[in-house]
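First to last, the protein sequences are chains Z and G.
My numbering applies: residue 292 is where the first sequence begins, and numbers increase by one.
My numbering applies: residue 74 is where the second sequence begins, and numbers increase by one.
No lab work stands behind these hints, which were simulated from the structure alone.
Among the hints, erroneous ones may be present.
As the list claims (entries may be wrong) - With a cut-off of at most 30 angstroms between alpha-carbon atoms, the simulated DSBU-like pairs for lysine-lysine come out as follows: (1) G/LYS679 / Z/LYS816; (2) Z/LYS622 / G/LYS443; (3) G/LYS340 / G/LYS158.
To be verified - Reference listing, derived: stretches of chain Z covered by chain G, where coverage requires no fewer than 3 residues with Cβ under 8 angstroms from a Cβ of chain G: (4) 432–441; (5) 532–538; (6) 901–909.
To be verified - Far from chain Z, by Cβ distances over 10 angstroms, these chain G residues were calculated: (7) GLN154; (8) GLU197; (9) ASN235; (10) TYR285; (11) ASP286; (12) SER300; (13) ASN421; (14) HIS430; (15) GLU437; (16) PRO571; (17) LEU631; (18) PRO642; (19) HIS648; (20) GLU650; (21) VAL653.
Glycine residues also receive a C-beta, built at the ideal position from the N, C-alpha and C atoms.
Each chain, letter by letter, is given below.
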Amino acid sequence: MLSSLGSGGGKTAKPSFVSYVTPEEIKSEKEPYKKENQPDLLPGEVVFCSACPVLKYSQDDMSQRGVFGTLLCTNFRVSFVSDEVQVEETCKLFKNKLYGENDIPLACVDNIYGGYEDKKKLITGGLLKNKYPSKIIVHCKDLRVFQFSLTYSKEEDAKKLCFTGVLDHNNVVMKTYLRSSSIDNNAVCFVEMQRKERTMLFDCLEDWTQDMKRTKGNCRLVTENSSFELSQKLPQFFIVPLNVTDEDLVKFQGNGLPMWCWSHHSGCALFKTASLPLMLTAVAHNHLYSVKTEDLSDTLPTIQDIQLSYNKFKQFFLIDNTTEFWMSDMKWFSSLENCGWLDMIRQCLLKAVEVVECLEKENTNVLIMEESGSDLCCVISSLVQLMLDPHYRTLLGFQSLVQKEWVAGGHAFLDRSNQLHLKEKVESQSPVFLLFLECVWQLHQQHGPAFQFSETYLTVLSDSVHVPVFATFLFNNDSHRANVLRAESPSSQRGPLNCPSVWDWSVQFDCRAQDLFTNPLYAQKTKQDRSQRKSHRPKHQRQLSLPSSAFKTPTKKGFFKDEADSLKKILGVKRISRWMLSPSSDFPPMSSIKEFYETWQAKPLDYHGMLLPCLDGPSIRVWMQRYLRWIHDVQILGGGPVAVLSKVSELLAEVQELRSELDRHARTVTSNHRGAIRTRAKTAPENLARSSVRLSSSFPFVTSRNWSFKPAIPTSMLQSLMMSEVAGDLASREDDGSEPETVV
Amino acid sequence: MEKSGSIDSLGSKQSSSRQPSVDSLSSTSTSRSDRSSHAAKPPLAVFSDNVSTSTEFSPELRGRTKAVVKVLRDANKEEPQLLPKEHVQDMAKDVTYICPYIGALRGTLTVTNYRLFFKCTDREPVFVLDLPLGVVSRVEKIGGASSRGEVSYGLVCKDIRNLRFAHKQMEDSLRKSIFEVLMKFAFPVSNGLPIFAFEYGQVYPENGWKVYDAQAEYKRQGLPNESWRITKVNDHYELCDTYPSTLVVPVNISDEELKRVAAFRAKGRIPVLSWIHPESQATVTRCSQPMVGVNGKRSKDDEKYLQAIMDANAQSHKLFIFDARPSVNAAANKMKGGGYESEDAYQNAELVFLDIHNIHVMRESLRKLKEVVYPNIEESHWLSNLESTHWLEHIKLILAGALRIADKVESGKTSVVVHCSDGWDRTAQLTSLAMLMLDGHYRTIRGFQVLLEKEWLSFGHRFQLRIGHGDKNHTDADRSPVFLQFIDCVWQMTRQFPAAFEFNEYFLVTTLDHLYSCLFGTFLCNSEQQRVKEEVPKKTVSLWAYINSQLEEFTNPLYVNYSNHVLFPVVSMRHLELWVGYYIRWNPRMRPQEPVHQRYKELLAKRAELQKRVEELQREVTNRSASSERAGSPTRSITPVQTFV
């Protein structure tokens, strides 16, 4: 609850971490720093180098002012420690326990630029050997921008160390697995909640069984890969159509296996596969002998496209100075369009709606495929499930979904985020998971009350990808995870290495901060609703005739021929109703999608039913909280979504207070005791609403305490561009149209 | 066929499984359509087209037994429910309305002296289009008779839509086409007919004309005081016929001097006070451009006058003059005798140009915007198309100008003078927006009405010319969406500060709808003098009478009344967006959603219900037992996070 988050950090025990970095691995390490100017290091964290004094420019100021302090580089982060006595940070309710506002986890460093006189150059290892810049600018993956001046620091060595530290030691990170041996037990509220209903990690048989049972799927659970005997690429456990035989599993080595994602209540299901769909019949058998296949690479952008587009997009928010910002403001909309990022979001959502239509309206099985089977397949399959299944719109459900589709699904988090900044991996770097979160955010902003988690939750999750502590995001797949964790644990002394999961939110935030992860607007399903919900299994007429046109042998992929021929034989017997190997043409056409959306829109909106996004131009927006939170000039002081949320939270607290009062009464009435009747106690916790005047649109990420309340006034106001461009004579006309041509 | 069959089955299936939540949602979510389906309430007419399409598309209306019944009942009638003094002028059967979203619809078209009413009963649900004639900007015959013997008419509307009708060529050539009748009543001014507002005789509980009383408003601001006085010099509009009768001027300037200042200001619009800061005494004053001319004429009286304005504020020894225009235009005005204050003549004054373009540029911008948003949006180039209209850029400049004014007054404690050329378009936008930022009173519903009455209506924004009420001359260069821009700016502010305004989006949309509808007298005429002369307050109903008779519809449930809280909106493009709920509201796919408001209203209802139950129980408990025994129930900690509603 927002309003319960007032002041006071609430002393909670820090989780203790154990490092698995052996001392030998850290060569540059000298005697431990005895200076006071040192951040609270995590267990196992070691300082490599430092420079002092360094001036950190305050970003919200053009005047080149800043704060002096020490810049350090450890094996976990780059950290700036101010010389100034820290102001008592009582109001800092949203503090990350792993890193502070002046810390940058090394994996979160996106690019480092050197400021040479007036130029700004990207720093690479080679460049540094010649000339040291007087200023460095660090762009972070969570879109923070830091500017440090090195002109004041005394030793050249310090600079050098600092750079080599930042640049070269990134790869140390990988070896710095931190283990939380004792998860913060004080974070009771969340842990307790998790005990009741936990996030399913899909690393064990039960989770898969349970999820299949929940969706009433009827497929085959494969356990043969529990020690990766079948394939290194496949998850330990997974589900395939019932008809897939043991021989199939062995024969194809996991290639082209249709992996079950989710079952629709009608019985049809969504499957995904890497590369070639070799077992279509098996999929078709799952329900009503119909299947639609969709090669996502036909219509969706490649991972390189995604990376390129995001690289352009993020530049709009990595602001070095205010003038630049206001200049770019002029062409904001067209730049936004040109980078194509919003369009990619739209395409993904559209594809997901297409799949939803097949499942929901036509009740056919759907098999989505792509080369890797773990990038866009993950995006689309998880979006489809979010749209169709309200369970995944709860906090734990969502986390389970990410575990199922992304973590167990083998999304190559390590390669895609390239946390190690490896040159050879640059090609495979791509923010696919972020693209998914963007799509989720779009759904969230269109249908807020359908989601139990908040926008802030999504933003924090997108940041956590770049905190190299969580097992969730450090590996490419299950076997990679198992191998690394096994290899890295010195078996003699300690048990198996156990990285925390990102879902252990208490590792990063105390439980009051975690309250901000829930959406106060969430319309929770009442028990009534639940009981009345029936499972509908409408009868379907089997279509017995097989359209001959649908039987084309694929021309594109010749090697399919044999398979297809043999399939034809089977089909003759099994009477598969629809069969499409060139699916893009047969996938619901645009007009059908439109109709599907409009039919849905015409019905009363049920937040616990199917949700479809509106995809028209103005509906796809920029995720303001994530992208604008650090930019001072666009903070709406006293406004923004927090103004609404705090109001809602306040009301919710009142409702709950009343409810508990009712309970109390109910008890006293039945037991014929007279309760201590109090008029509605004004115990409403510290009121965010009342203080929301002082909060800004970037809540909870930036507190406005240091900010002046001066408004940001655009620096380039003159519309010379427009003047010449727009019908020039109109601009110079007199307001009272009598004599238009008098003045120039 | 198969397709639609499956949709239907899908529908029935879903509705049965969704029933419970449908019920819980409908009460709030349908409020708008519900409100509009009350044909008895007059002003709804404007919204009715929206309703009719919502009958078609809206998620809200289906499954609502009440609404369905309503539609069925109405279905028996071809005619609209008429307002008092509204009369049917013509009626034609078998007219086709070519809806850009649904397609061709055949039905009956009725024209009254107030509205156009089209109804198609062939389909389920019934389709209704209900449009006040004041909204029509132009009627044109499209092409000749087609092969099917039909003639086609296009209606260009002031509210960002175009309507197209077709009907059979009249066999009896003597009979007038219904569209000729329509043209007569759509443009009453051009045809020597009265505007409908003068006939409309609805009685409301409140007299909306009493909302604004200049004396009371100045009194609220603490005026007159030791530095500012209220003058009667313009009582009969002699000093300036476009200004209100009540003016606030510096104490030490006599009425005689005012007259000399008036001679130096365009149209006699001298600097007068709009707003005074309750603490610093810094003021917002407004006027027209000085008549400097090519020769750089000066006026000692005007210079003294501005000095007096500055001296009235002890906090600052500087005065800011904000010229709303681009400097080029301001300079060009010298050719026509106008211009701007030179800093030589006005010492201690600093002149700032705000680069806001003139009414012609704005008109052109809106025309482009309409092309981009109506009827359909081109998805792939939406953003660049939007940018090419420059609409939001203009919005940004206006807001930025107002922000600078508010900042100077609030942070700089400095008095400001605002003008453009005549001081009734851009100046009105700037002063009213700055006042909205500075003074929370104007963010209440009644306060906002006062703001409009004061800064726009009494100070002579030329509504008649800018809107062209009842005038068929649609190409008139005096028309311009200046007021629409202002409301758009207000909407942008409500987006950024969702809890700071007492009114909601529907209030703003309704205000704009009645800007054109000609049902109320509020936006008629060009100045206070004209309204007095035409006896508008006596002969017509004020829009505020209607609004204030059902405030709940227009109230923002999230409103928090922060006293003395200044709002500084962010004027970056990053935070400006196109007002979909107004410009794209005709597109059924873009139906605006207000989940937060709905949810909040649900919560409010829940709270009310719980409060009632608690009270009941309390009564029960006190009645039942007198035996006092403390219940051992500790105060239950509120479990956060979950909402069990």
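*Going back to the hint list, which numbers does this structure go against?*
Result: hints 3, 4, 5, 14, 15, 16, 17, 18, 19, 20 and 21 break, sorted rising.
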